[in-house]
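Whenever a hint applies, use it, and build me the whole structure from the sequences.
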Amino acid sequence: MNSNTLTPNDLFDQSVHRIGRVTILTCIVLALGIPLMVWMAFGILPPSKPLISGIITVSSFMIPVSLAEILSFYPILGPGGVYISYTTGNITNLKVPCAAIGMEAAEVEPATKEGDIISTIAMAGSVIVCELILVLGVILLVPLSGPLENPVLKPAFEQILPALFGALGAYFILKNYKLAIIPVALGLVFSVLNVHTAVAVPVCVLLSILGARVLYKKGLVKAE
Amino acid sequence: MKNYLEIANSGYFYLWGGIILLVIMIQAILFIRLAWKEGTRIGLSSRKMLKGLRAGMVSAILPSIPIVITLITMAGVLGIPFPWIRLSVIGSAPYELLAAGIGAESMGVVKLGGEGYTGLVFANSVWIMTIGAMWSGLMVFFFLKRIKKQYKKIETKDPEWMKIISGAAFFSVVGVFMARPITAGGLPLITVASGFVLMTVCALLIAKLGVGWLKEFALPLSMIGAMICAILFAGTAA
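Line by line, the protein sequences give chains X and Y.
Taking the numbering used here, the leading residue of the first sequence gets 1, the next gets one more, and so forth.
Taking the numbering used here, the leading residue of the second sequence gets 225, the next gets one more, and so forth.
Calculated from the structure, these hints are not laboratory results.
Hints are supplied without guarantee of correctness; some may be wrong.
Stated by the list, open to error - Computed cross-link-like contacts, DSS-like style, restricted to lysine-lysine with a CA-CA straight-line distance of at most 25 Å:
#1 Y/Lys272 to Y/Lys381
#2 Y/Lys387 to X/Lys217
#3 Y/Lys432 to X/Lys218
#4 X/Lys113 to Y/Lys372
#5 Y/Lys376 to X/Lys217
#6 X/Lys222 to Y/Lys432
#7 Y/Lys272 to X/Lys178
#8 Y/Lys387 to X/Lys175
Stated by the list, open to error - Partial list, computed: chain X residues near chain Y (C-beta under 7 Å):
#9 Ile63
#10 Leu164
#11 Val201
We treat Cβ as the ideally placed atom computed from N, Cα and C, and that holds for glycine.
Structure, rendered in structure tokens:
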């Protein structure tokens with residue numbers, strides 16, 4: 001047996017990592033270009049003391065939060081989805097819903113090879129749409145602020161996220177209500193205690209998986 | 225020194241934003257192409273993949289609007305191009321405002337765009353927002369292969385359990401974000417409840433009456449319905 005022979009599966013995995021790593025690193029470097037331009041082109045560099053203290057503050061919570069988040073989101077997004085999501089952001093409010101609805105529409109199961117492929121396609125599609133809407137937003141910034149500030153329409157725009165998660169919540173609870181009990185209850189507790197979502201999401205994922213483990217071992221939940 | 229907003233709105237930054245946008249679009253197209261090829265290889269029909277793509281695109285329209293609203297909010301303080309870039313690359317609205325705030329505070333300025341918010345403070349915000357957002361991308365770059373291997377072990381050992389893990393993680397995200405409007409009460413509660421009821425109705429139509437096409441559009445339709453409920457309720461309450 002030659003252990004160096006790559007299956008088509010391995011080749012696909014390799015391509016995912018190659019495309020993902022090249023593009024994500026390019027974007028990180030390009031993003032750094034902005035503060036560098038403020039410095040080089042306009043000669044503005046903040047004094048080192050507040051700059052360093054600010055960087056330490058933001059990094060001290062971003063490093064643990066990011067790591068916990070990536071571990072929590074991997075089983076939802078899959079490898080391709082993680083690269084797409086961490087290049088463009090807006091994960092909980094855009095990528096997660098679009099991945100779920102994409103898999104539902106194509107009738108494939110999450111956490112399978114088919115599910116992985118469809119969710120990658122759905123998330124990439126959502127990126128194209130979202131980026132185009134943002135460009136429109138930039139172009140139409142002034143005319144847009146009219147309708148978005150319209151007193152009659154304003155409540156609708158302010159309530160887009162509750163509308164999204166109400167609908168998505170129903171979808172998941174109808175799908176597998178036994179698995180939903182623990183995360184929904186935890187979500188309510190965290191919300192009452194006013195825990196920041198950056199902390200609440202990974203903790204809730206961890207506790208829900210532990211809870212699901214118990215239910216699964218007792219044969220009370222199964223994958224739909 | 226020039227007014228910082230003049231610098232913040234300079235043409236260079238728009239150009240830079242365009243370049244970043246191009247890279248993001250290339251990434252999306254490369255992933256769609258790669259996944260499509262692999263899907264064809266393992267026997268997924270083009271019809272199914274097209275459905276998945278369309279559902280992803282349609283479902284992205286409404287959730288993009290709050291991002292534009294954040295952009296408009298931030299544009300007044302940080303100019304247009306920088307928030308646009310930040311919200312396009314590894315961005316999320318709450319994080320960006322928080323990081324910009326830290327940038328200002330560490331310079332002793334309390335309010336973004338408020339008194340004393342000069343070019344220097346702006347530059348500090350920009351550095352801190354950018355560096356804070358870099359960490360997650362760098363971790364994905366360095367560690368995703370390893371993380372994947374660990375999850376792969378679980379999957380090989382018990383694929384059924386991996387599906388449950390995925391489900392529990394999905395539920396947690398939804399649970400945390402669904403709970404906020406519920407405990408907030410008032411208009412958010414009405415909207416989240418309307419979205420819930422409308423989605424349930426859609427699910428019944430799909431399951432009992434076999435309205436298959438609704439699957440792709442159930443989410444945006446329920447959301448629009450819930451947003452209309454928000455308008456109606458805000459109107460009667462006022």
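Structure-based check of each hint:
1. Y/Lys272 to Y/Lys381: violated (29 Å)
2. Y/Lys387 to X/Lys217: OK: Y/Lys387 and X/Lys217 at ~14 Å, within 25 Å.
3. Y/Lys432 to X/Lys218: Violated. Y/Lys432 to X/Lys218 sits at ~31 Å, over the 25 Å cutoff.
4. X/Lys113 to Y/Lys372: holds (14 Å)
5. Y/Lys376 to X/Lys217: Roughly 20 Å between the alpha carbons, so the hint for Y/Lys376 and X/Lys217 holds.
6. X/Lys222 to Y/Lys432: OK: X/Lys222 and Y/Lys432 at ~23 Å, within 25 Å.
7. Y/Lys272 to X/Lys178: Judged against 25 Å, a Cα distance of about 29 Å means the pair is violated.
8. Y/Lys387 to X/Lys175: Satisfied, since the Cα-Cα distance of roughly 13 Å is no more than 25 Å.
9. Ile63: holds (5 Å)
10. Leu164: Cβ of X/Leu164 sits 6 Å from chain Y, so the hint holds.
11. Val201: Nearest chain Y Cβ about 5 Å off; hint holds.
Of the numbered hints given earlier, the model fails hints 1, 3, 7; all others are met.
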